[in-house]
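Peer 1: One letter stands for each residue in the lines below.
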Amino acid sequence: MNKVFHVMYDDDDTLKTAASQLVAKGIRVKEVFSPFPIHGIDPIIGVKRTRLGIAAFMYASTGTALALLGMWYFMISDWPMNIGGKPSFSLIENLPAFIPVTFEFSVLCGAHGMAITYLLRNGTLPGMPATNPDPRTTDNMFVMEITTEQNSLAAEALEAAIKETQLFELSIKDYK
Amino acid sequence: MQREAAIREPLILGDKSYKDITDDVVGPIQGPAPIGWKIMITISSIIAVYGVGCILYLLGTGIGVWGLNKTVGWAWDITNFVWWVGIGHAGTLISAVLLLFRQKWRMAINRSAEAMTIFAVIMAAIFPGIHMGRIWVSYWVLPLPNQFGSLWVNFNSPLLWDVFAISTYFSVSLVFWYIGLIPDFATIRDRMTKPFAKKAYGLLSFGWSGRAKHWTRFEEVSLVLAGIATPLVFSVHSIVSMDFATSIVPGWHTTIFPPYFVSGAVFSGFAMVQTLLLIMRKGMKLESYIHVKHVEYMNIVIIVTGSIVGVAYLTELFISWYSGVEYESYAFINRFSGPYSWAYWIMMTCNVISPQLFWFKKIRRSLTATFALSIVVNIGMWFERYVIIVTSIHRDYDPSSWGEFYPTNIDIGVFIGTLGIFFTLFLGFARFFPVLALNELKTILKSSGENYKKIQDKH
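Protein chains in written order, with this note's numbering: chain G, 26 to 201; chain R, 519 to 977.
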């Protein structure tokens, strides 16, 4: 039977110290639940840097390309119109007038693409159930999740190591 | 842990813990609605209903019910549009630009300022919509394949740029706001005891659980969205100003317009934030989080942007004479001495003189003075748009077609109505939404909370 430990701390800095102590002993921390971002926890528990920024750049570049393609088609290729004598037969000559819409459309695609990717990758979507182990983790408590499955230590040894940290509460559950 | 200089005033007053922050923000949502709120929402909804009635009458009858005429074809409605868009600039400026500059004081005000932005942009969007008269064909502004031959919208026109700018600004602000709201909705969800409320906030919180990886992504998304929303703020009002600046109307045809409009927008936006927050902090007992220092910071922004606006007024006045173009020069002489000079002098007093009072520390840190001046600035900024729009076109090149504009009751009703809709939406927000970015505030408690700073000073 695998066991899952939910170790609760009442302070973000205490949790960070505890995580460092446990990781130094070779224990793997599976997850940390907190009401706000704990700066500096990611390298300790091995959370990699997100690539969402790169994704946003790609979405925005797609927006730029689409906007230019669209305006070339509407204004230059499909139906060029003489509007007050403005250049209307070449994309390059007409480009200054197309910059605002190109910019806006790039931002539109970049921002929405990134937001949608963020929600999908997080699995935070309308109707999704909450998965935090304790409702207090969205208030003032910080929980570290450690499983026997991910660690080579036996449950008793893990528990002993966890109890050496300045924890606030500990809950141990069995799971398959 | 981040440390802050001891001489900096704390941003969170009193002896607060993480739990206190949650309770202070979630408490009013859980409790019964205060009587003051009920009175205010009743009044604003009545006004909103009147405004909707005026809009429906306008749509049913046609825009002839407005005071527009052959000479002044753009007046009251576009004034309101620009005024509301301008107000809508503070929210994203506070949350995006101040985030990039790492200004921690933004955390107490960004949520409600963004809500204000979104509601103000909705109000702004009403005006060009109803000005079309046949609002049901408003989708014609989009480049959609259509049955009229290969007829596309004109991408050379600033009016079309505006369609893209306003819709992008609205939807990006909405997303930015909502992504910040998700963790705070989760906090409310976990505090709620009544099943319906729990279910509703559960739905709104998208199942947020506060995992470490999610927080990393959250911070990245906030930063990147702030990075792209910052130029967006500047582009939107620049484009609004180009609606005028690219025309050949004397008084409009100037290159100074984009920076002049953007600073005017920030100026009026901050004034509206002050008006709303000074009432909200009192009504919802948030004095520990939004206090004199926050108000002072905002007043400093008001001095800076107000002074830029003042310089812009004087510059355009000087250039109109220095250019040697008689039409341009007359447009400005007519502004300060013509039939609308009263509007010009209201604008000058409210926007140029009144913000300069904030150079005095006593006034800058006085909540009553700030509240009064914020309303003065809002009035002044409305008149700025009225002056720019109406005085420029009521007497242009051809004296035989000179005329004047008088608003009708419907003009006034629609404007007052948008104020009603705006306040109804904002009051709804204040009642059911987390009005402070409470989880973000917790990150600065240890570096900027009064109690923690005292402990830090002892060591």
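Calculated from the structure, these hints are not laboratory results.
Beta carbons: idealized from backbone N, C-alpha and C, even for Gly.
Heads up, a few of these hints could be off.
Example chain G residues on the side facing chain R (calculated, C-beta under 10 Å, incomplete) [claimed, not checked]:
#, residue
1, I52
2, S86
3, A92
4, M100
5, T156
6, P160
7, E181
8, A182
9, F193
10, K198
11, Y200
Peer 1: Each hint should be assessed against the structure and marked as holding or not.
Peer 2: Hint check:
1. I52: violated (16 Å)
2. S86: Where the cut-off is 10 Å and the nearest Cβ of chain R is about 12 Å from S86(G), the hint is violated.
3. A92: Nearest chain R Cβ about 9 Å off; hint holds.
4. M100: holds (5 Å)
5. T156: Holds, because the Cβ-Cβ distance from T156(G) to chain R comes to roughly 5 Å (cut-off 10 Å).
6. P160: holds (4 Å)
7. E181: violated (27 Å)
8. A182: violated (24 Å)
9. F193: For F193(G), the interface hint is violated, since the closest Cβ of chain R sits about 13 Å away, which is over 10 Å.
10. K198: violated (17 Å)
11. Y200: violated (17 Å)
Consistency with the previously given hints fails for numbers 1, 2, 7, 8, 9, 10 and 11, ordered from lowest to highest.
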